[in-house]
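*Asks:* These protein sequence lines are chains A and B, in that order. UniProt numbering applies: residue 1 is where the first sequence begins, and numbers increase by one. UniProt numbering applies: residue 1 is where the second sequence begins, and numbers increase by one.
Just to be clear, a hint being listed does not mean it is correct.
For lysine-lysine, the following BS3-like pairs were computed, each having C-alpha atoms within a straight-line distance of at most 25 Å [claimed, not checked]: (1) A:K15 / B:K82; (2) A:K130 / A:K168; (3) A:K168 / A:K234; (4) B:K151 / A:K130; (5) A:K80 / B:K80; (6) B:K82 / A:K124; (7) A:K141 / A:K168; (8) A:K119 / B:K26; (9) B:K80 / A:K141.
It should be emphasised that the hints constitute simulated quantities derived from the structure, not laboratory data.
Below are the chains, spelled out letter by letter.
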Amino acid sequence: MIQLNNIHKTFNTGKPNEVVAINKVNLQINAGEFVVIVGSNGSGKTTLLNLVAGNILPDSGIITIDGNNVTRLPEYKRSKWIARIFQNPLSGTAADLSIIDNFRLAALRTQTKRLSIGKNEQFKRLVRDKIATLGMGLEDKVEQPIGTLSGGQRQALTLLMSVMDTCKILLLDEPTAALDPRSAGNVLRIADGLIKEYHLTAIMVTHNLKDAGNYGSRIIQMGEGTVLKDIAGKEKDSLQQNELYSWFG
Amino acid sequence: MDFYLTALLQGLCFAGIAFGIYISMKIFNIPDITTDGSYTLGGVVTGAMLTHNQPGYIILPAVLLAGGVAGALTGIIHTKLKINALLAGILVMYGLYSINLTILGRSNLPLLSMPTLFSAVNLITDINQNSLMILIVFVLIITIIIGYLLKTDFGIAMRATGNSEPMIRALGVNTDRMKIIGLAIANALTALSGYLVVQQQGFADINMGIGIVIFGLGSVIIAESVINRLRITSVWLSLILVMAGAIIFQFVLAITLNIGINPNMLKGVTAVFVLLIVGLPRLTGRQA
């Protein structure tokens, strides 16, 4: 589904603060995989995610998604495959717009936004039904600005928004970093549920080793812009918590 | 009474600028001051085309196009060359002076005997009241068009662009293109104000746009203070308040002149007035 060939990315080239963020990385992620990426600060995990998303372009190497070479494709054009969940709940939603407006845009992620009114009663009903599945009681508040909700509620809605339109890849950049433990647990459970239900290929960057152990079908540890460890399948499932901690020892 | 009627007419004429600033400043979150130039551009295009006996149905699209191009230019400079929006606007506004002077051919062009929008349609015999009717219909149509636009899927994407750029880019919107279109619309509306004012006052002047941006800013700020206080989310209501803001602004100026303040001080009074509407809610808000 996603293939990175010999990807290299340097920031501040030629300046004293030059930093090699991604160093000749090769990575193949298959359809349906849920990859969790861990690594210390500056290991390049978020850069890797941004390279897949397209808001950072690589210096060299080739990125393909679903067989298409997307190396030079800007972020807004990659949205036909990719939905994103940001670390900051504010980034994933438009605060001053109503919940329904946010969902309307999400429902058009892979399509052109036309000069016609698509926010009709039928669409509102669809959104209300979808939101009701979260069991948060938000289905009656769809006309409210989404900024009036808590971070956890917004993050849960952003997850739901990602499957409003055909979605193949879900990128999660520390989706729970700004949330309290209970909301964080909720959001991850919703994410895991959606990934399974819609057979999404997912990449999640996280600092939480407990979540990294509990979720995902494959775990990658990054360090200094390279892949240090890459464990999948049964081996990942049997990975012990303390073993994970020892990686950072 | 006529004094206030004139203020009302002026206010309606300036609704275009108010809508333009509302779109650039509130919806796109871009401080755009191409306004001074695009307003004059709208005026001089109208003046020049009227004196060349062009029909009205060509003048209006030409004015909108001219304003749109000016706005798009600011947008392109801002997004493609990554230049600060304020500077991009200043550059285009500054350059437009020469363009406007070339179009007008002289610094002042009287249009008194020309068949303007206001002389072409005769609903009521009283000239001012006739103008009022025409302006109300005109501004109402503009409000409906903008309101509809903002309700469409494209319009929602416009509003999201100024609100959360990372989100809307991840949802497949080319934000650069969106901002260019937004500034084009904003300045087309501003040019529309120039179009109306020139026909209403009966002349086009190269200096008519100096400092005009403050009328738009003031109108939007008046509207915003109400929008924030009453927590209004409706697009229609917001647009009507912006239009009302433009009228209130003109009334305040009319009252100022009426109570006998030296006209030389008018710009100073205007500046203090805008400062008051921006500053007062913050001062009272801090105590609450």
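*Asks:* Compare the structure with each hint and give your call.
*Replies:* Verification of the supplied hints:
1. A:K15 / B:K82: 21 Å, holds
2. A:K130 / A:K168: 19 Å, holds
3. A:K168 / A:K234: Holds, at about 24 Å.
4. B:K151 / A:K130: 22 Å, holds
5. A:K80 / B:K80: With Cα atoms ~24 Å apart, K80 (chain A) and K80 (chain B) stay inside 25 Å; holds.
6. B:K82 / A:K124: Distance of about 38 Å is beyond 25 Å: violated.
7. A:K141 / A:K168: The hint is violated at about 29 Å.
8. A:K119 / B:K26: With Cα atoms ~22 Å apart, K119 (chain A) and K26 (chain B) stay inside 25 Å; holds.
9. B:K80 / A:K141: 39 Å, violated
Hint check: violations occur at hints 6, 7 and 9; the rest are consistent with the structure.
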